[in-house]
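Chemist: Residues per chain are reported as follows:
2 protein chains.
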Amino acid sequence: MVRWEPGTAERLQKAALELFATRGFEQTTAAEIAQAVGLTERTFFRHFSDKREVLFHGQQQLEQAFLDGVAAAPAEATPLEVVASALRSAAAFFPDERRPHSRARQSVIDRNPALQEREQHKLTTLATTVAAALRARGVDDLAATLAAESGATVFGIAFGRWLRDGEERSLADLATDVLDELLTLAEQAAHARR
Amino acid sequence: MVRWEPGTAERLQKAALELFATRGFEQTTAAEIAQAVGLTERTFFRHFSDKREVLFHGQQQLEQAFLDGVAAAPAEATPLEVVASALRSAAAFFPDERRPHSRARQSVIDRNPALQEREQHKLTTLATTVAAALRARGVDDLAATLAAESGATVFGIAFGRWLRDGEERSLADLATDVLDELLTLAEQAAHARR
Chain S
1 MVRWEPGTAE RLQKAALELF ATRGFEQTTA AEIAQAVGLT ERTFFRHFSD
51 KREVLFHGQQ QLEQAFLDGV AAAPAEATPL EVVASALRSA AAFFPDERRP
101 HSRARQSVID RNPALQEREQ HKLTTLATTV AAALRARGVD DLAATLAAES
151 GATVFGIAFG RWLRDGEERS LADLATDVLD ELLTLAEQAA HARR
Chain V
1 MVRWEPGTAE RLQKAALELF ATRGFEQTTA AEIAQAVGLT ERTFFRHFSD
51 KREVLFHGQQ QLEQAFLDGV AAAPAEATPL EVVASALRSA AAFFPDERRP
101 HSRARQSVID RNPALQEREQ HKLTTLATTV AAALRARGVD DLAATLAAES
151 GATVFGIAFG RWLRDGEERS LADLATDVLD ELLTLAEQAA HARR
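Going down the list, the sequences are from chains S and V.
Letter by letter, the first sequence follows residues 1 to 194 in full-length UniProt numbering.
Letter by letter, the second sequence follows residues 1 to 194 in full-length UniProt numbering.
A few of these clues could be false.
27 angstroms max Cα-Cα, derived DSS-like pairs, lysine-lysine [to be verified]:
(1) K14(V) - K122(S)
(2) K14(V) - K122(V)
(3) K51(V) - K122(V)
(4) K51(S) - K122(V)
(5) K122(S) - K14(S)
(6) K14(S) - K51(S)
(7) K51(V) - K14(V)
(8) K51(V) - K122(S)
(9) K122(S) - K51(S)
One side only, chain S facing chain V, incomplete, derived with CB under 10 angstroms [stated by the list, open to error]:
(10) A77
(11) H101
(12) S102
(13) R103
(14) A104
(15) R161
(16) D165
(17) E181
(18) L182
(19) E187
(20) R193
Cβ-to-Cβ under 10 angstroms is the rule here; a few derived chain V residues that face chain S [as the list claims (entries may be wrong)]:
(21) V83
(22) Q120
(23) R161
(24) D165
(25) G166
(26) S170
(27) L179
Derived from the structure by calculation, the hints contain no laboratory data.
Quick reminder that beta carbons are idealized off the backbone N, C-alpha and C, glycines included.
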């Protein structure tokens, strides 16, 4: 039976980020992370399947936030409006107080190509999940895929900007700006074709 | 000195695809691929750094095709029109006679998650390359990134459709349709906001 230890996962995450930042991701072991907060390796593995998972923990909740946003959109919303609703819901998952943690995490990922591929894959998975939810609302396959992938692109760009040094706008505001820019680009292109 | 052997890379690629399809990617060695066309492992490694590269050979030329399309766009083209030009140029890289080969390659990739991540990463790299080319044309950072990533999304979706059983339309036509659908989705969303 797994004993309930409040905050253990969070303490392990914090210690892991510090070790990854100072020693490097590759050079840090699960045992060292556990030791840093006075726990055993076995306890570490009760919370995370491996040290990489410390960085990607919470993906399921993020997916759920996107799906909640899809569900919250009115029935008559167009596909990109549904995506806008999903983005607002996902942005709420990253309140400003989480920004220092997210920045520390990103600087670890930026230094490791395999972690970058994993992070990229996360966005792809999110897009697949949102596309399925759009199809379930009756959106046709192409529109659902395009809208969902555009949503993942917007989220990825907005998230990168949210992490920039000195950036103080909320992720929700940044995502809205990036989506607006996409609509503007599309409008310019559609206009030029006429 | 590397001796010039016409068509050797192509023969190795063909043999590799057949072995990957029948035995599986993991179970096939570089030596077996070479042997299948009467060559040595050493010759294999003169052409490809590893067996995975057999599947991803040509990425540089594809990137160049995108860049040629960017360069071919008139100076006054909007960012998404430049991307449309890049897509037309890239589509020419996949004439219809290449479709059976591309289908065989895709079915190997579909069966291996690591190869899928690599394929996904290829699209990300393409987007980064196109974004840099757009910035060099004076497009601002956000518009360049968004237009380039949208282009990669459109290319990925169109390419997937091009590979479908029974699909006979050209990649250029499919990419045009997918980009048009993106413009339509954006127009609907922009319209709903007013």
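Chemist: Give a verdict on every hint.
Modeler: Hint by hint, here is what the structure shows:
1. K14(V) - K122(S): violated (32 angstroms)
2. K14(V) - K122(V): Measuring from Cα to Cα gives roughly 21 angstroms; hence the hint holds.
3. K51(V) - K122(V): It holds: about 17 angstroms lies between the C-alpha atoms, which stays within 27 angstroms.
4. K51(S) - K122(V): The given pair, whose Cα atoms are some 26 angstroms apart, holds under the 27 angstroms limit.
5. K122(S) - K14(S): Distance of about 21 angstroms is within 27 angstroms: holds.
6. K14(S) - K51(S): It holds: about 12 angstroms lies between the C-alpha atoms, which stays within 27 angstroms.
7. K51(V) - K14(V): holds (12 angstroms)
8. K51(V) - K122(S): Roughly 26 angstroms separates the two Cα atoms, so the pair holds.
9. K122(S) - K51(S): holds (17 angstroms)
10. A77: This hint holds: A77(S) lies near chain V, its Cβ roughly 7 angstroms from the closest one there, short of 10 angstroms.
11. H101: violated (25 angstroms)
12. S102: violated (19 angstroms)
13. R103: Cβ of R103(S) sits 19 angstroms from chain V, so the hint is violated.
14. A104: violated (23 angstroms)
15. R161: Status holds, d = 8 angstroms.
16. D165: With a closest approach of 15 angstroms, the D165(S) hint is violated.
17. E181: holds (6 angstroms)
18. L182: holds (5 angstroms)
19. E187: Because about 6 angstroms separates E187(S) from the closest Cβ in chain V, which is inside the 10 angstroms limit, the hint holds.
20. R193: For R193(S), the interface hint holds, since the closest Cβ of chain V sits about 8 angstroms away, which is under 10 angstroms.
21. V83: Holds. Min distance 8 angstroms.
22. Q120: With Cβ-Cβ at 6 angstroms, under 10 angstroms, it holds.
23. R161: holds (8 angstroms)
24. D165: Violated, about 15 angstroms.
25. G166: With a minimum Cβ separation of about 15 angstroms from chain S (threshold 10 angstroms), the hint on G166(V) is violated.
26. S170: Check failed: Cβ of S170(V) comes no nearer than 17 angstroms to chain S, outside 10 angstroms.
27. L179: L179(V) check passes; min Cβ-Cβ to chain S is 8 angstroms, inside 10 angstroms.
Violation of the numbered hints given earlier is confined to hints 1, 11, 12, 13, 14, 16, 24, 25, 26; the remaining hints are satisfied by the structure.
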